[in-house]
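> We have chain A; now place chain B with the ligands onto it with these hints.
These protein sequence lines map, in sequence, to chains A and B. Under my numbering, think of the first position of the first sequence as 6, with each following residue one higher. Under my numbering, think of the first position of the second sequence as 1214, with each following residue one higher.
Simulated from the structure, these hints should not be mistaken for lab results. The model shown is predicted, which means the values in this text are computed figures rather than measured ones. Treat the hints loosely; a few may be bogus.
To be verified - In silico DSS-like cross-links for lysine-lysine, where the CA-CA straight-line distance does not exceed 30 Å:
1) A:K132 x A:K206
2) B:K1246 x A:K66
3) B:K1368 x B:K1381
4) B:K1524 x A:K136
5) B:K1368 x A:K136
The primary structure of each chain is shown beneath.
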Amino acid sequence: MALLEVGSVNAFYGAVHALKGVSLAVEKGEILTLIGGNGAGKTTTLRAISGMVRPRNGTVKFDGQDITGTPPNELVGRGLVHVPEGRGIFANLTVAENLELGAYTRHDRAGIAADLERAFELFPRVKERQKQLAGTLSGGEQQMVAIARALLARPKLLLLDEPSLGLAPQLVATIFSIIREINRQGVTILLVEQNANMALKVAHRAVVLEVGQVAMSGNAADLASSDAVKKAYLGH
Amino acid sequence: MSDFLQILIAAVAVGSTYALLALGYTLVYGVLKFINFAHSDVFVLGAWTSFTASMFVTQRMNVDPAHAPWWVGLCVLLAAISVASTVAYCIERFAYRPLRKSPRLNVLITAIGVSLLLQNVGQLTGPAVVRETPTTVTKAAADLTPAERASETTKINGEQAQVQVQGKPLATLPFGSSPRSMPVLLPDAVLNETTAATGVMDGGSRRGMVKLDKPVTLEEGRTYSLQTERLDASGKPTGERETLGVASPAGTYEKGTDIRTQPARNAKDVQGAAYTLTIAPEVPIRLLDVLIVVSALVLMAGLEILVYRTKLGTAMRAISYNVETAQLMGINVNLVISFTFVLGAALAAAAGFLYPMKYPGLNQPAHQIWVLLGLKAFVAAVVGGIGNIRGAVLGGFLIALVEMFGAFYISTKLSDVFVFAILIFVLLVRPSGILGTTVREKV
Ligand SMILES: Nc1ncnc2c1ncn2[C@@H]1O[C@H](COP(=O)(O)OP(=O)(O)OP(=O)(O)O)[C@@H](O)[C@H]1O
Ligand SMILES: [Mg+2]
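Chain A with its partners taken away, still in its complex shape:
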């Protein structure tokens, strides 16, 4: 049984039909990447999963339970953690406070401290910046804080919305290798990306979204070599 199952979800913003029957499944332990052009509905898919958008119909099942329309704050404690587009850093809080909020629903002090250490191993830069206001960090550092913060919730499934957006190429490579490392440590990942090139390299499987519908899906390597994907998303 898949960790996450999205079944024919339809979602609207007022009259805009953003998701037109999207179905996908994320297996335990894998990285699934969701790629597609601007406005394809990638962000909306993640929002429908984490409860920020209520699907008009269709179902979302997580860890064997129906979570359709469950508000996001009730899902965090169950292991479904969403790092939103544009990072969602609290610029008015310090880095340490941002991290503390990642563990908001947890009460096991020792566990939190251990997870904090592990997050610092992945992101040594974040550790140095703890006292600083998060708003004063560079874009790349903010992205690191956002991911580190998500790890503190001890996710089973991590939803990442364009973690590479606006980062320097070198940093993009770093972020992707960290994503792979997180996955290796046992976290299932649903990765939304515009940078299809990189995404298809780290992911096990991929789903291509076009105007609110799943256009293709399959093995990441297979898709990367498919002509249609090459032409539309890989720029060659």
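Relative to the frame of chain A, chain B with the ligands by itself:
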């Protein structure tokens, strides 16, 4: 100089009330980005609930409010906080929450509506919570009304009947439309007066004269007062303290000569009572003022710790920055917003309890004076930087200082004008307020 200090003390006491109120505006603005115009009415609710509760408690305990034990004040404060918090919770839950996604203007209009509702409901005169003790009147049995005849408290002996008449209401629900006087439940004394002499009073030759048991020198240019305890007919202390002003001119008074006191007392009443002759300080520092300011400061410090040192406070600040992302952290946004309203209301209720301790005249709930008070606290929040906790405190004290000093040194009539002039000035020079900052998100 002494005027200056005296005004400074008064301004700090009033400023602490403004600050407590301003914090409520700022807290709610911080999380929801909207001005809760019903906040000042929650303050009025706190003040009037304090009045009703103090009447109720002291009557039940059968004590004179002026001599109630210290914990009565605490009970009254807690009652005011509970009522105000509950009402604030309901306002948020039923008036504001359904409009969370509506345009800001709709919420603003709703807030004004809620404010008017509270003002008008507060003026209704419902059942009495506390009455004066019933009195018994005697009338002819034949004149009894059927209700009087049926009443168990009516005693008929032949032609005569004794009828119990209900006492006049001392406090009604919700609050009523006539002004009341708040009993001062906090202890008061002048803290910095010095003792000139102590001893035992020797009575006096005439009304308004007392004799002291040793020679006393009254110096020129000083104000003296005599604190004594009243004695009963048998000469035992009654525990009832009183302060007599000293009206005698400066000079040395030998043992056995009279000192004139004000208000005039029958010398017999105090014969044999212990006295303390004190010199009034140039600038009296009253325990009451100190208690008001200290209580307010303790609450502000508590709030500061709550907001900046606890997980809940971090959640409040997170919501203030971005509600959606806060939800993604697992924060129950509705719960935290409710809590914020309740917190603001609790501070307003505390202000509603403390303020009448200094200015005991309670006007009816819709009175202009309340509206103005709330408005000044709002100005304080804006001047300090709305959404900023320290800013609200700073603004509260600043507004009070400007108001009080302006009234004394320039014009009493214009004191409110100064307050709003400060507002305009700050908005022109620093639109985000003195301590206000605008944190920009980097993308
Ligand atoms: N708040 C909104 N109100 C109205 N329409 C919206 C809203 N958010 C998204 N949409 C529309 O829904 C569609 C899907 O948007 P979505 O943000 O999911 O796309 P995306 O695939 O994440 O795009 P991008 O790669 O640019 O982030 C778009 O047509 C967009 O215009
Ligand atoms: Mg998007």
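> Now look at each hint and say whether the structure bears it out.
Going down the list of hints, with the structure as the test:
1. A:K132 x A:K206: holds (29 Å)
2. B:K1246 x A:K66: violated (35 Å)
3. B:K1368 x B:K1381: Status holds; Cα separation ~21 Å.
4. B:K1524 x A:K136: holds (16 Å)
5. B:K1368 x A:K136: violated (79 Å)
When held up to the earlier numbered hints, the structure conflicts with 2, 5 and fits the remainder.
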